[in-house]
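Undergrad: Chains A and B, in that order, are what the protein sequence lines are. Take 11 as the starting number for the first sequence in our numbering and just add one per residue. Take 11 as the starting number for the second sequence in our numbering and just add one per residue.
Among the hints, a few may not be true.
[To be verified] Just the calculated beta-carbon pair ranges, DEER-fashion:
#, chain 1, residue 1, chain 2, residue 2, range
1, B, K334, A, T332, 31 to 39 Å
2, B, T332, A, R228, 23 to 31 Å
3, A, E262, B, A150, 28 to 36 Å
4, A, G263, B, I219, 52 to 60 Å
[As the list claims (entries may be wrong)] Covered stretches of chain B, as calculated for chain A (at least 3 residues, CB under 8 Å):
#, segment
5, 32–41
6, 185–194
It should be emphasised that the hints constitute simulated quantities derived from the structure, not laboratory data. Remember, predicted model here, so these are calculated numbers, not experimental data. All residues carry an ideal CB built from backbone N, CA and C; glycine is no exception.
Number of protein chains: 2
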Amino acid sequence: MPQHDVWSSDPTRPLILTPGEPAGIGAEIAGLAWMRQSSESIPCFVLLDEVERLHALFAELGWRIPVAEVTSCADAIDAFAEALPVLDHRFGRKVVPGTPSSATGEAVLNAIRRAVALVRSVEAAAVVTNPIAKSVLYDAGFAHPGHTEFLAALAADDALPAPTPVMMLACPELRVVPVTIHIPLRQVPEALTRDAILHAARVTARSLIRDFGIANPRLCVAGLNPHAGEQGVLGREDIDVIAPALETLRAEGFSVTGPVSADTMFHAAARAAYDAALCMYHDQALIPIKTIDFARGVNITLGLPFVRTSPDHGTAFALAGTGKADPTSLIEALRTAREMVEGRARAAAADGV
Amino acid sequence: MPQHDVWSSDPTRPLILTPGEPAGIGAEIAGLAWMRQSSESIPCFVLLDEVERLHALFAELGWRIPVAEVTSCADAIDAFAEALPVLDHRFGRKVVPGTPSSATGEAVLNAIRRAVALVRSVEAAAVVTNPIAKSVLYDAGFAHPGHTEFLAALAADDALPAPTPVMMLACPELRVVPVTIHIPLRQVPEALTRDAILHAARVTARSLIRDFGIANPRLCVAGLNPHAGEQGVLGREDIDVIAPALETLRAEGFSVTGPVSADTMFHAAARAAYDAALCMYHDQALIPIKTIDFARGVNITLGLPFVRTSPDHGTAFALAGTGKADPTSLIEALRTAREMVEGRARAAAADGV
């Protein structure tokens, strides 16, 4: 099973949390997550953000969040219980909540670059990213389709090209992986190749083994068409593309069920029979998980050499500066990153690495 | 608002329940539903089935279900408390549970014809249909794509052509209506016309008003593409087809929201804001409802001149004859038919019809 190099990771290190779009809710949900450590188990993290603006923002909201400016991730470990540890990251101009500016775009991208550098140098254990505003970054010259592709490019080095990442959405009851993602529905049948299914399935299974400690992960694979095509009467892709890919996966030793009629896959009894659902397109994956648990969904990028998670929502400009944003998804993203880091460390120890 | 004639309906009449495929679980779930009347409220219904085989089937299962052969629907009303009322309907050969035969196909179709005739003559209040096996009926010369189209054809008469029915799936928490249904996903973008959306929305709204007593029904309409197309970046149909249809509906006075990103429509808080979700294709509608409530989904055919519901499952040949089938969906189908009949009667009374 060929795979991208996995970077070394020290599970005793904190998570590094990027600011995302600073005019969004990132800093607020980071502060709210830190505040919950007394009542909930929140893993240690360091926020990359501008120390001075955080002081002002939290003061304006009336939040008593002490900010500890740290100069290394290591310093954050002791600081975390008493203060929100922050690696200072300047935006170069005043940030107005709710009013994004392309003038801060380069600084937003640099924060992501810094975070990846920190996991590469084993100072941070994993990257958790706050939401960015793609349109703002495009205006600043951003050339990648999105956050994930940018992270993949940053993972490339002299020896290895950028990996092809796989998106997983997870909540406590369900993990889903869409094989095709942000494309028009009309383009899905063409984009749904045997190779795309194989890549998504292999990367998913590998992560379930290594990061989630599931020795023999069970994948349930949705059909593309209604009733998974009903023996070809309602479409051929289930027979011609998906089924052969699943045969290949079974021959490789993976535990795979499908193609299954997608509408019968997601009720509680059905979910108990698999560890992740492989879906053929965006809404087939996102509808069930957001129906089951709208608040706690976490976006996980599989197939990178480091662990990366993010909350499953956007910048929420309308809420920025109000203190009303919900940190639930960010908290789950932090917890999931920590769980994956520990799983990966256990797997590495078991391998004698 | 043009509409098909609605047949007169007498809400004091029983529901007529078809046998569906007799080798399936229809008779068993009918018996189980009847038995629950002591503990649950089950509306009065008459089963069309073969009296003699029911005696044998129930005896073999060890079920003490007295069967009352009735000669009219009216007789069923008094009989129902003490026995399962049955209008005898012969299949012409021995029925073997789990082993369907095209030899009984014509009798299966005749039972559906009889049921429609009974609502047409106002002897029965509504039609509830048990599942059929389409492939068995095709072998017997059945020329319609499915149950629903056959019922539509039976609704035609000299004055009016067959109506174009609309499928609704309902459970206590959600009603969904797919605009396109049993076609390959690849064909959805072409099939999704402005007229198809308008027809589904108008028929749905009319039924919510008349059958469900919702004076100002609120429809929430899903986009076709991920994120409802994200301003056209992820597909144009949301802008070019769906949005103009919704403008037309709003101009007609309907309360319509959308097109909405389909993955954000179905969690509990979102569902509270509408009475029915209009979806663009099969899985977009069926995934959320079957995820939320797999057992209690009811299939409702809107746009016919009579009320028709059915359980949202198939013939379950593997369970036939075991007594293990779950009558929950049939019970919900019976209750929903009763609710709609009473709603329609109230609406007719209010209209002075």
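Undergrad: All hints are to be evaluated individually against the structure, with a verdict given for each.
TA: Outcome of the hint check:
| no. | hint | result |
| --- | --- | --- |
| 1 | K334(B) x T332(A): 31 to 39 Å | violated, 54 Å |
| 2 | T332(B) x R228(A): 23 to 31 Å | holds, 27 Å |
| 3 | E262(A) x A150(B): 28 to 36 Å | violated, 44 Å |
| 4 | G263(A) x I219(B): 52 to 60 Å | holds, 57 Å |
| 5 | 32–41 | violated (count 0) |
| 6 | 185–194 | holds (count 4) |
Of the numbered hints given earlier, the model fails hints 1, 3 and 5; all others are met.
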